[in-house]
Amino acid sequence: MLPQLECPVPPTQPLSPIDFHVLLVLAEKDLYGYAILKSVIRESGGAVEPEIGSLYRVLSRLMGMGLVEEAPAPAEGEGTHRGRPRRYYHLTEAGARALEADARRLEHALLLAKERQIVGGAGA
Amino acid sequence: MKQRPEGRSPGPWHRALLVLALATVPRRFRRRFGSEMRASFADGLEEAAGGRERSRFVWRSVAGVVKAGIAERIRPTMVEENQRKKGAGVRTFMGALAGDVRLALRGMRRKPLFALVVVLTLGLGIGANSAIFSVVNGVLLSPLPFPEADRLLSIRSEWTGRVAELGNMSYLDLRDIATEDEAIEQIAGYSGGSLTLTESGDPVRLEAGRVTDGLLQVFGLAPALGRDIRADEFGADGPRTVVLSHGLWRDRFGMERGVLGRTLTLSGNSYEVVGVAPEGFDFPSGATVWIPRRMVLDGCGRGCHGLNVVARLAPGATAATARAQAAALAARLQEEYRDTNLYKSFNVATLQERMVGDVRIGLFIMLGAVALVLLIACANVATLLLVRGAARSGDTAVRTALGASRGRLIGQSMVESGVQAAIGAAIGVGLAWVIVRILPALAADRIPRIENVRIDGPVLLFTLGSLVTVMLLFGLIPAVTANRGERVSLGTRGEQDGRRERGLRNWLLGAEVALCAVLLVGSGLLVRTLQELYDADLGYETENILRFNLSLPSVSYPTIDDIYAFYSTLEDRIEGLPGVMAAGSAWSAPLASGSASGVVYVEGRPLPTVEEEREAYIHSVTPGWLEVMGIEPLRGRGLTEGDAFGGEPVALINQRFADEHFPDTDPIGQGVSITVDLGYGSPYFRVVGVIGDLRERSLTETSRAGVWVPLGHFGPSALGVSVRTEESAPPVLPAVRGIVASLDPNLPLYRVETMDEAVFQQVAPTRFYVILTVAFALLAALLAAVGLYGVAAFSAARRTREIGLRVALGAGRNGIVRLVLGQGMRPAFWGLAAGLLAAYWASDLLSTLLYGVAPRDPAVFAGAAALLVLVSATAAALPARLASRTDPMVALRSE
Chain A
-8 MLPQLECPVP PTQPLSPIDF HVLLVLAEKD LYGYAILKSV IRESGGAVEP EIGSLYRVLS
52 RLMGMGLVEE APAPAEGEGT HRGRPRRYYH LTEAGARALE ADARRLEHAL LLAKERQIVG
112 GAGA
Chain B
448 MKQRPEGRSP GPWHRALLVL ALATVPRRFR RRFGSEMRAS FADGLEEAAG GRERSRFVWR
508 SVAGVVKAGI AERIRPTMVE ENQRKKGAGV RTFMGALAGD VRLALRGMRR KPLFALVVVL
568 TLGLGIGANS AIFSVVNGVL LSPLPFPEAD RLLSIRSEWT GRVAELGNMS YLDLRDIATE
628 DEAIEQIAGY SGGSLTLTES GDPVRLEAGR VTDGLLQVFG LAPALGRDIR ADEFGADGPR
688 TVVLSHGLWR DRFGMERGVL GRTLTLSGNS YEVVGVAPEG FDFPSGATVW IPRRMVLDGC
748 GRGCHGLNVV ARLAPGATAA TARAQAAALA ARLQEEYRDT NLYKSFNVAT LQERMVGDVR
808 IGLFIMLGAV ALVLLIACAN VATLLLVRGA ARSGDTAVRT ALGASRGRLI GQSMVESGVQ
868 AAIGAAIGVG LAWVIVRILP ALAADRIPRI ENVRIDGPVL LFTLGSLVTV MLLFGLIPAV
928 TANRGERVSL GTRGEQDGRR ERGLRNWLLG AEVALCAVLL VGSGLLVRTL QELYDADLGY
988 ETENILRFNL SLPSVSYPTI DDIYAFYSTL EDRIEGLPGV MAAGSAWSAP LASGSASGVV
1048 YVEGRPLPTV EEEREAYIHS VTPGWLEVMG IEPLRGRGLT EGDAFGGEPV ALINQRFADE
1108 HFPDTDPIGQ GVSITVDLGY GSPYFRVVGV IGDLRERSLT ETSRAGVWVP LGHFGPSALG
1168 VSVRTEESAP PVLPAVRGIV ASLDPNLPLY RVETMDEAVF QQVAPTRFYV ILTVAFALLA
1228 ALLAAVGLYG VAAFSAARRT REIGLRVALG AGRNGIVRLV LGQGMRPAFW GLAAGLLAAY
1288 WASDLLSTLL YGVAPRDPAV FAGAAALLVL VSATAAALPA RLASRTDPMV ALRSE
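If you're matching them up, the sequences are chains A and B in order. Each residue of the first sequence is one higher than the one before, starting from -8 at the first, in my numbering. Each residue of the second sequence is one higher than the one before, starting from 448 at the first, in my numbering.
Some hints here could point you the wrong way.
[Stated by the list, open to error] Pulled a few chain A residues facing chain B out of the computed Cβ check, cut under 7 angstroms: (1) Q4; (2) Y25; (3) R48; (4) S51.
Just so you know, these hints were derived from the structure itself, not from any lab. Positions of the beta carbon are idealized from the N, C-alpha and C atoms, including for glycine.
If we strip away everything but chain B, and leave its shape as in the complex, we get (with noise of 0.2 angstroms):
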């Protein structure tokens, strides 16, 4: 091969290939290494043998070169020369670091308002968003209290095709599960309620847990001592044992070991204790016994759905396997067993889903909610800080001027929105800390493991996260601005401000009004809401009722007879009380817990076929009750005393029943049946009269179609008693407490509410969130109006001399505030008119959340925008009629 003449220079076309290439490498790093590199290029040139490998040379070269180049630009390896000793870099760095933070503590002492704004403002934005997002991880994020809980399933019945819900499971399908699903490790039914404890001292009303057994081993928990309930405790005639839990067997047993094999009497019957739950088990939630489910296992069979069902997964089995082996076995079983499982169907869900699903979407819009405020006070606070980097230009030239880099001038900036954002993220982990505090009692007990959310961990990762984020939001724009500042030359103080600054100040004023009016009108829509709730028509009176429920003990009250008894003594003797006006008693009363359902058959039709079968919901009442409740027939009559025993037996039917039933017949007269066992099988009843429809489950479900019956002919022996009075309910409450303890010393009142408060109740997530959203919403009014405010003000405070020579000119006041104000607003015209659009848009969103009110309500849109004109307005008007004042000579004199 022939060699190279020696001492051949590069071609001038590699030369400037290199060059080029050089050009990517940071100024610095080509200052102390260019020459060299460009020496050892030309080594290696010289050195080439061939035309191949020069040109590969150059090639791998040039490509090396711009690759150092970029990579010094993101990972610098030069540090300064004077310092050239290991972890002489960080040093540097974070001399610089601390050089910038004090600067920017200096520079928001000389501005203390301005510094106040900016941290306030940050404060409530992340402040608001780690409260929230605390309810999230606590209630839908964070695991429940369990080993493994992520194991855990809920498993319901339900009806598919037919209107009646179902949801509890019958213990012959719960077995089939337990055998045939093989997904499942260990499953466990149970039920809910409550006993009264007699034992020295008062009767005390015990949150009671009705299992079958294997209940703590689906937790994966073992009893603290003894043994859990067995297999063969449950069926009519097993033994009475039941567990403690460990608080009880605390405070009221002293945590002796010796309570093992202690018999207590529990609504009359004899139990024997034979096992302390773990510390800490409380499910279903508040139970504080566990005692076996007695259940009549050939009685009604599949038919009888008592049981709510609670499952742990097979190791390596999902929810989806589950699911699948399930919906199999429930095919199978319908063309088994078609009287009872034509239409059932088994529905898996994960436990945690099951208890939060109702509050997920609320919860998740919340959150989404507050990101908006956040949005917003970042938006806010970018403005304010473009409108001081404007005011501050002449600054940025001089720092130039005196050798600030490009970078520095970034770093310096974002520096500076680090330590406000960071003094933010302080005041606004405070402030979270505080909300978490009242946001329990905001919830009613109505948003489950709302006791769990606490400031922790996650939170404080998740407020950082924000930290960053806002940094990034509102700290960039500024520093890519403020950089502008360099353009801007020494001499002048810049009385026109960059036409970019101000329209990027524009967008993002829109933007705050545009996001506000999203929370707006989505605030008015929960807002509604909850005036139509409390509006609504439930059908019965809240006002002045106080309602209370008694459990008479079998073992006292052995027959129905008794029981009525009972009740209607209770009843006269209570009516006897000043300022009471009724008194009454129920089963399965609005808003209360407990109903029974059955299929509807009518006196003289054939019995329905399975797909006609159409469910009713029977109740058990006194004449008093609907006295009450103000309930009043819309046709035919009421329930009278007389009706209690012998004779026909009547009923009374809501008005969705005679629609479902006798849509062209007169429902007065008619004879209906309802298949649940009364004692004495399923009598035919005589309608009487028709009742209105009653809200009985929420305030928002339409009616199911029911039947009430005298107390006398269907009562189970746990009732609920409401007493009306003139005037506030709660006074008469000791002297009921009384004449119930004088009829039998051993019945505790449980349950003791208003129906006030038992509205409150149903109402309360909704006020949650209505709460929420409102406070959100008017603190992004606020802050944009401070947006809006600060901007209007800088403008016309740069435009003096102008709007002084137009008053010289002869402008009249109004004229002036006309151009400030028009100016101050058009952003926020923009952006309400994008607000509105993308409410309407994502309105739907809230749907679930709403009740009797549209989510494109106009009138909520037409709300929200006067609200925002009228903010928006006032937030321009103020520097408008400061710059109408303006003393033309003062301002032509000002510059």
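In isolation and in its complexed conformation, chain A is listed as follows (with noise of 0.2 angstroms):
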């Protein structure tokens, strides 16, 4: 039996998936823009399968929404590539306090899934 069964998160709007997938990616490491979109591909499991324009795009509104920002590149010589400028993206604080409420959000559903016995591995 679960606790508690109101959610633990304070409600706030939740993440579109690929805002939710992208600061995930962009909490492991600064990632540059076409491996973000690697990433998030692969992270996602191909469920959310950006393309190049509304990857940035997404990038844009998070960078207006102050979650992410521009970040050097992690080593020298990875500001290019190929002589192709290189921008690298940085989770920021606010980002990563997003990316946790809505993770939390997630999960508490995910409990709540199991605990109906919608998915497996339920917690009793």
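Using the supplied hints, reconstruct the complex from the two chains, each of which is provided in its own coordinate frame.
Take a look at the structure:
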């Protein structure tokens, strides 16, 4: 049985799947655009598959919300790749908080789903 | 699968595709992310294994970039570099907005007259619209003040295929509907009337509802105290009970609960108070007491049509299902009761439709007319703004040069119109508030529910809607054209404003004049209608006639002899008053309530079959009444005192009756009978005279066949007494009251009015429409004149140099006047032509409101055209005169 039924997360606007996965990817390490794209596809199991246009709109929006910021390249020489510019993105503290809140929301939902035996491994 | 060589760059056509796609992306976004997007594209292309995956990637990316580009234009995610904080976007927008508002207000302060014209124009347009919408909303749209009012129905009996109309229903038909129409949950019948309450103090005339049981239940209400009238209380010998209105209970009985069980004397009979209606219940309108309808159930049965009927739909049922079931029932009753029901059908409508159906078309036409005024106001303001925009093109060019973007300029222009429209709307709401207070007086009680009209939430919402419409209509045009200011070079002050702007201006002016022409024609037609109504030959006099009703209680005046003696004495006494020329009494007088009709039989002819039956209305009058009303016989003689009693009953018929029944024979001397029970059957009356047709129920209806018999043969106890005076009638009223009181202190006078007032009531709806449309048309003409003047003055001012040159080269003053006038009036002429055509096509819409004038009356069209030509000529003439005085030297030096 679950100790509580109320959602433990303060009610905030849930992130869209793509926002969530972008933040999740950046939580591991700073990445540049195309690397983010690939990681999101991989980590979501292909369920979230942004193309270039929407990826940069998401990044632009997340930056506007202060959840993501531009970061210096992690190592010398990684600022360009074959002469092409490479900008790295970094999860801000606000971004980390938003990610955590949404992850908790999902965790809670998952626990409920298990309890109701919608997915296996009920935590009774 | 073959591995692609490392570092392969995208091919040139891939790059070209991406560059094309990137062109859809807003510049700022592209500047920030463009190179990264290209890099990611290249990365992806490198990694794509195989041609199929490669091309999938290319197309997907290109489509994605285009999609993002469009999305970014509609809902930008980009915010200023230095404001990347949460909410910064909103703050920037608000900041810019506040700046724009300040700029707009400053602009208005700089040109106060211009701003005043714009704001007042919009205020008048929006105010008039809000006011008329408040009427439409209060009268037509807002629900009746009863629970679930949309479930209330009104059901009437109708003759199908017969000339005579019916309306009221028989009690037996009502009972059948109650039991057989499953769509109806509750049904009740009622009729109006009035009763005299004689308690302590002066007798009071109370409007009464004579009802079957269940009236309150139909309306979904319960009595505030006690109970409603019960089913066992109507019928000829039922107990006399009464339900009081909440107002009467409060005002007359101090809201005492002990009022239940008390006995009231109403028109000479004792009634026991059994209940008090809930507060605010006002049905039929004005009723303050409800008593059981006393009817003889086994008398004339289905042939007695005395009841108005209201009903409540069963839950889930619709008016359509109720209608269908009633139609099926009517068909069955037609077979079953051929004598009484052969042509009878039931007309089911919602109560609201029935109450306001007569004014629905009129009010919607008014709403349409006032919408035209708003369109004109918008066109006018847009024209003026265009003129100013052209004058400000230099200003715009400067701002463009300083880096203001196209969007920024349009935004600024929209904010400016928004500010003006908002101030206009505020003025408009104030104006509407005033108009709404004047309207009920204009309507003179003839627009139902007019008391319900107010400025409330829906009306304010409508105003907001008008505001947005107005902003879009008049704000967008200058906004789009102002943008072309970019092309105006900074050096010159564009002397010849752009051809497109001028074209647009002329279009707008033309449209204004066209709409104005439509309004002028419409109001002209209504004015002619009003005139025709006042001039209509009614068949009787209306000047200096006072009338009032009396109702003799049957307890004190049990026989027709008593009734006749009372009215006869009263008339004699009134005629003795100084200044009184004649007095008379009548039942069923013109423009008053009360009438009875029956089937006509002519002596010596076979009884008509049901198909041949013709109806006629019967009236009961004293000889004095014919004198008061100035009704002279066309043939034969009038009525005399001697006709009242004894001898053979005589009657007058009207021309319509004579035409219907005696087309080839002389009606004088014929015997006619109407199947109305006069207390001693339906005797044959000997026709002694023929009178002209009277407009009885309204000023516009064609006459109905009628019979006038002397009081004494047939006379209900409630009669209307009419008094004709040498001069204005009202001053004799106190003396008349004195005479009535001296004859019977318990008789109140009610429905006291002059005939002129009765006529006024009749023309009130038309007058209402006339006042509104004339006001709209004049407003429209004024606005059009302002627009024409503004543009003509502007054009003349712009052409000062050219005009100066012309004068210097010898052009005469008249030539200059012609030039400016001609140019100023050209759009007006086109607009007028288009407007008259539109009016020609649309005037049919008005036809239900018209009387005595054809919808395409040439005189009205000519008058509207002449007025508009005059208005536009005046508006353009002033600048033309000014231009003709141009001093060539000053003009040429000015540049």
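Evaluation of the provided hints:
For Q4 (chain A), the interface hint is violated, the least distance from its beta-carbon to any beta-carbon of chain B being 12 angstroms, above 7 angstroms. This hint holds: Y25 (chain A) has a C-beta 4 angstroms from the nearest C-beta of chain B, less than the 7 angstroms allowed. Interface hint at R48 (chain A): satisfied, since its Cβ lies 5 angstroms from the closest Cβ of chain B, which is below the 7 angstroms cut-off. With its C-beta approaching chain B no nearer than about 4 angstroms, S51 (chain A) sits inside the 7 angstroms limit, and its interface hint holds.
When the structure is compared with the earlier hints, a violation turns up for hint 1 alone.
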